[in-house]
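Asks: So you can see what is in the structure, the chains are spelled out below.
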Amino acid sequence: MKSKGHLLHIAVALAVVLVAFLITNSMENRYYYKASYVVLQYVVLATAWNILGGYTGYVNFGTAAFFAMGSYTAVALIKLWKPPLYVLLVAGGAVSGLLGLGIGYLTLRLRGVFFSIATLALAVVLQMFMTNWEFVGGGAGTAILKPRSVPFFSNYDEFLFFVMASLAVAAVFVAWLIENSWVGRGMAAIRDNEEAAECMGVPILKLKLFATTVSGAMMGIAGAPFSYFVVFIEPSSAFHLDYAVNSLAMPMVGGTTTWLGPLIGAVLVGTAQQIATVTLSAEMNLLIVGSLLVGFVVFAPEGLVGLFRKLRGRAMGRSA
Amino acid sequence: MAEKLLEIRNVTKRFGGFHALTDVSLHVEKNERFGLIGPNGSGKTTLINCISGALRNEGGSILFAGTEIGAMPAYRRTRLGIARSFQIPKPFTSMTLLENLCIPLEYTAHAKSHGADVASEAMEILDQIGLADRADKLPADLTQIDMRKLELARAMAAKPQLLISDEAMAGLSANEVDGILEILFKLNEGGITIIMIEHIMRAVMSFSERIVVLDAGEKIAEGTPDEVVNNKEVERAYLGE
Ligand SMILES: Nc1ncnc2c1ncn2[C@@H]1O[C@H](COP(=O)(O)OP(=O)(O)OP(=O)(O)O)[C@@H](O)[C@H]1O
Ligand SMILES: [Mg+2]
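If you read the sequences in order, they're chains G and R. Here this note's numbering is used: the first residue of the first sequence is 3, the next is one more, and so on. Here this note's numbering is used: the first residue of the second sequence is 1220, the next is one more, and so on.
Just so you know, the hints here were simulated from the structure itself, not pulled from any lab data. Predicted model only: the values in this text are computed from it and were never measured. Think of the CB as a built atom: it goes at the ideal place given N, C-alpha and C, for glycine as much as any other residue. Worth double-checking, as some hints may not be accurate.
A few chain G residues facing chain R, derived, Cβ under 7 Å [to be verified]:
no., residue
1, Pro149
2, Ser151
3, Phe154
4, Gly186
5, Ala191
6, Asp194
7, Glu196
8, Ala198
9, Glu200
10, Cys201
11, Val204
12, Val269
Quick list of in silico lysine-lysine cross-link-like pairs, DSBU-like style, CA-CA up to 35 Å [stated by the list, open to error]:
no., chain 1, residue 1, chain 2, residue 2
13, R, Lys1451, G, Lys312
14, R, Lys1249, R, Lys1451
15, R, Lys1451, R, Lys1223
16, R, Lys1249, G, Lys208
17, R, Lys1223, G, Lys208
18, G, Lys84, G, Lys148
19, R, Lys1405, R, Lys1378
20, R, Lys1331, R, Lys1378
21, R, Lys1451, R, Lys1378
22, G, Lys36, G, Lys84
23, G, Lys148, G, Lys208
24, R, Lys1249, R, Lys1331
25, R, Lys1223, R, Lys1378
26, R, Lys1378, G, Lys208
27, G, Lys208, R, Lys1356
28, G, Lys208, R, Lys1451
29, R, Lys1223, R, Lys1405
30, R, Lys1378, R, Lys1356
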């Protein structure tokens, strides 16, 4: 029965990837690819954030650091020898994963708030470092030429959209796997009560390091194609505050205890932001997210998923 | 002489300048029913925290089945066979009672075979402690009394060799105290060593084969329940001079 559930999920995941591919062969308008790419990128980031923040209960304020390290790892490699994209993805994931492991090892023995502060500091320090590293463009930034063509796709943007769609599916799938495994149950125990979790046999340090590593690696992978996507990369865009705020706010809006929450949150909030950017202004984004975040934290701390469950519970209670 | 399961030698613990435990030595024999008593703030919970690994002792050593465990992380001590309940309940709030018990079952009792079907075992334990009808409830839906039962049930689910019960009976009615006592006696008959911390004298006295008394972080008496009750120093500690 268990393996049947797995098969179904794998089938759904593959179907989504296929649909993404078919879209690239039928849709022309480039704007939609760009906008969808951003939303899908947030699906990855929000899902990654949630593995640590939602499942394990450690709030990461430094999404931008992990994302940008993935981007800049790719930039360095592109400057060196222009490897194929999958190499960039693997390298970006590896660097940010190691970063997650390191920062976790340094801070997770202390209380959770130290981890949050450390991630915030990490983003500031790394941004300063990149600003001074001329090889990858320094503070002024650098232009990145994307490959002229790619097989099966009519242009590189469509290809990037397809890649990010696949990454989003993979990220959600990984989150689902973790959530439904003994690892995920151990993480939930840590989130609920760390002391009790450890006294019940949960190896808390190992699980927390696993969470910081996986979460960091996923953010790095999401960042790896970024320079190709924006064409011109500079520290202020790669380390943008938006990444930290959104990747935290989206799971909060959707709900932090399941894989579905960050997915819903990223699609809804991400799409709303794309629309607002066109119709209002880019600066409105943070305002929208800020208001949503406050609203949900105060009125629906369990997010849309929790809200939905409560309503359904009430409806069932009435009919029973 | 019986085998020593737990041996504590000259354990000290300070919080800043405050001496919570000073040079405490005691041992618990295999399959013993052991009572730990003392006035409020005498260091009972602190000692349990040092044994279970929630806190680290500063001086002395703690041996479990002959192995020094003072430097081990708590989860490894649990897997070695030490499980404790918390005096102030610390349930896993987002999980149902059944799921609460599945954590120690999955991570300790069946640590080597993650994925074992632990739900039915969890249900058995809930049934034993009288919470089976609330298996699907969240801890927030429980009364304080049931919360204490959950604490004990969760510790039982680790299938320990040594079970430490930190005031599992506070607030329970006489009937319920008897119910918990019965469970603990049964576990003990099944080969589990038990340390009971309790303010309900009737319960500790009838349960324990041997009792140690702490006062202000020091051991002031040790012996059978009768010996302890008639000890002058114990009387002084409890009643003041
Ligand atoms: N984490 C801590 N930090 C500072 N002081 C502490 C800490 N834990 C316990 N203490 C202090 O150590 C002393 C012993 O506390 P402990 O909880 O061990 O007592 P106890 O014997 O379990 O009391 P009770 O019967 O009330 O449960 C108390 O004075 C308490 O205030
Ligand atoms: Mg106590």
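Asks: Hints the structure violates: just list their numbers, smallest first.
Replies: 1, 2, 3, 4, 7, 12, 13, 21, 23 and 28
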